[in-house]
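Asker: Next come the chains, spelled out residue by residue.
Protein chains: 2
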Amino acid sequence: MKIAVLGAGNGGQALAAYLSMKGFSVSLYNRSKKRISNIIKTRTIRLEGEVQGAFEVDFATTDISEAIKGRHLIMVVVPAFAHIDIAKKVAPHLEDGQVIVLNPGRTGGAIEFHNILREYGVDKDITVAEAQTFMFASRLTNPGVVRIFKIKNAVPVSALPAKKNSVLEDTLLKAMPEFEIVSNVIYTSFNNIGAVFHPAVLLLNAARIESSAGKFEFYLEGITPSVARVLEKIDSERCMVMEALGEEPMTAKDWLNYAYDVQGENLYEAIHNNPGYQGIMAPPSIANRYILEDVPMSLVPISSFGKMLGIETPTIDSIVQIASVMMNKDFWIRGRTVETLGLSGKNVDEIRRYVLEGIM
Amino acid sequence: MKIAVLGAGNGGQALAAYLSMKGFSVSLYNRSKKRISNIIKTRTIRLEGEVQGAFEVDFATTDISEAIKGRHLIMVVVPAFAHIDIAKKVAPHLEDGQVIVLNPGRTGGAIEFHNILREYGVDKDITVAEAQTFMFASRLTNPGVVRIFKIKNAVPVSALPAKKNSVLEDTLLKAMPEFEIVSNVIYTSFNNIGAVFHPAVLLLNAARIESSAGKFEFYLEGITPSVARVLEKIDSERCMVMEALGEEPMTAKDWLNYAYDVQGENLYEAIHNNPGYQGIMAPPSIANRYILEDVPMSLVPISSFGKMLGIETPTIDSIVQIASVMMNKDFWIRGRTVETLGLSGKNVDEIRRYVLEGIM
Chain Y
1 MKIAVLGAGN GGQALAAYLS MKGFSVSLYN RSKKRISNII KTRTIRLEGE
51 VQGAFEVDFA TTDISEAIKG RHLIMVVVPA FAHIDIAKKV APHLEDGQVI
101 VLNPGRTGGA IEFHNILREY GVDKDITVAE AQTFMFASRL TNPGVVRIFK
151 IKNAVPVSAL PAKKNSVLED TLLKAMPEFE IVSNVIYTSF NNIGAVFHPA
201 VLLLNAARIE SSAGKFEFYL EGITPSVARV LEKIDSERCM VMEALGEEPM
251 TAKDWLNYAY DVQGENLYEA IHNNPGYQGI MAPPSIANRY ILEDVPMSLV
301 PISSFGKMLG IETPTIDSIV QIASVMMNKD FWIRGRTVET LGLSGKNVDE
351 IRRYVLEGIM
Chain W
1 MKIAVLGAGN GGQALAAYLS MKGFSVSLYN RSKKRISNII KTRTIRLEGE
51 VQGAFEVDFA TTDISEAIKG RHLIMVVVPA FAHIDIAKKV APHLEDGQVI
101 VLNPGRTGGA IEFHNILREY GVDKDITVAE AQTFMFASRL TNPGVVRIFK
151 IKNAVPVSAL PAKKNSVLED TLLKAMPEFE IVSNVIYTSF NNIGAVFHPA
201 VLLLNAARIE SSAGKFEFYL EGITPSVARV LEKIDSERCM VMEALGEEPM
251 TAKDWLNYAY DVQGENLYEA IHNNPGYQGI MAPPSIANRY ILEDVPMSLV
301 PISSFGKMLG IETPTIDSIV QIASVMMNKD FWIRGRTVET LGLSGKNVDE
351 IRRYVLEGIM
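Taken in sequence, the protein lines are chains Y and W. Position 112 of the first sequence, counting from 1, maps to 112 under my numbering, and the rest follow consecutively. Position 37 of the second sequence, counting from 1, maps to 37 under my numbering, and the rest follow consecutively.
Just so you know, these hints were derived from the structure itself, not from any lab. Each statement offered as a hint is correct.
The list treats identical chains as interchangeable, and a pair is accepted whether it falls inside one copy or across any two copies.
The calculated SDA-like cross-link candidates involving lysine to any residue, where the alpha carbons are at most 25 Å apart (straight line), are: (1) Lys164 - Glu243; (2) Lys329 - Thr251; (3) Lys307 - Asp330; (4) Lys329 - Tyr268; (5) Lys215 - Met281.
Build out the structure end to end from the sequences listed, making use of the hints.
Answerer: Below, the structure written as structure tokens:
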């Protein structure tokens, strides 16, 4: 199986190296050359942490058509705010039978991607799927070296519509059996743990990040009991919206057990019991995807679905508001909403029919 | 002139010592004995910083009737959430001609205090006034030692109703000419700078406070550019509510110039240009009056007046929401509102007539 990895941040590099290690032919695409100029030359990515060694990709390129040509599986590993751009770029070059997986989709990623392909008149047999989170906890430690702190036990994934999930079995799961196919993209979109863990922790540590350039452990020092209480409230608002959409939510605490085998009396304890979080430092600036991606692509759509379904999300809304003020960007306007996803005015049955069968 | 100081936190102790230094007879009351047991014995409070020396009060006591008996001026220096309790306690013991000054009132302090005295059937000639902020930036450094980092140039004060402001000239201003009489309590209540500076800075540093027990400079390290942008937005929402009440607001940046003679291109710069903030450390815990007082007694009433007048305060509301979640207390219910202040449904003219003339 030939695989393309689109996006060469720490996640994309880690995934490309990991899949190469497993013996697959991997192409690696990045929009800007700067980040991959060395990989274009050496084809080599070094991993440390849970997987160690130097692994060779097939090639790296800034030409997306070259990257996806003849590839069975296309792994998209870019911040969710770049999904639209990737969708527009791949649309003219897609081939019958290709499977596109957003790693992860955040909230509404597969729906948005699918909409763009339709808008661009793609008539090939393409499967679009989204993962609930990224498979690794990883960071770039040095140029060309990625540390995989932890490979998650399992990451849920679903195609849109879910009736195409069987396609994932013969492609994605052959490459990475750690993925677990779930009911539909409501599951992957609303069990969005990044929405719970990322923006609030960043905001409630904003001054420390700015005054120390992030020199503290993001999860272990950044999540204190009072911060964890805010995360639990965000989590409970998220779960209520998901329940209203007819799917059984997994709480963040249960997810830590599912993904990392850790337990705790409450979310604070569970986070602090996770060795997978040790050594993960805060970002050096608040202008980071933990806000720029997770606020508009996770919290805003969760709030927007909540509003449409009559579920109040005051804590989520507060984080969106403060993030908007801090970054001087109106994330309410920039974010995914039921309107931008084309689902405005739909009821739960209609939404479910769409994600299950593809019928609008 | 005989003066009572009610409340012996760092502010009350600093004020009692300062007024003693100026030659006034000062009684010092505190509810719990623990905090003043040493002062009861020695009558001595040591000041350091801008005022230095050991100063003797007349007496310290936990008996509020003894503290206020025969005192012309009663300086209330307790967190605003204790104003109701103080009002109820002094009500039976008040004497004709006494002047009560809330240092500060936060938002709606004088109105609330006045309501309680009326409710308790006080028929003496009492003047209730509120200051816009506390006169000193001060902290307890050691038991019995208060550091006055900075005496403000001027602190606005007004009686309720404002037609009694002349009473303040012959009492409060004789004791402390740094006070400046302003138009009415809308000015002092809504130019509430603590509302702008305290809760948001605490929240946006919550993890650092909890993980370091507040071992960083509150203003100088706790207010980074992104935090200052949030403060500016809170400030602008506050100013809009104040304008709707027919008073000219003073921005937080202008206030720093008024109170401390500092300037800057923006709020971040002005704060960082203030030598008066140097050395003021963060509180050791988030269970601090910067949240417990300033959220319910400052942000909630500003938001509540805003709602009544059709002014949106989304950033203020977000801070209230996150503080409520963090502290596991619903500050919307615990806080001062137009309802609890007895002003629900009043229009601006009626509110202004009340604060100016005392006519409901």
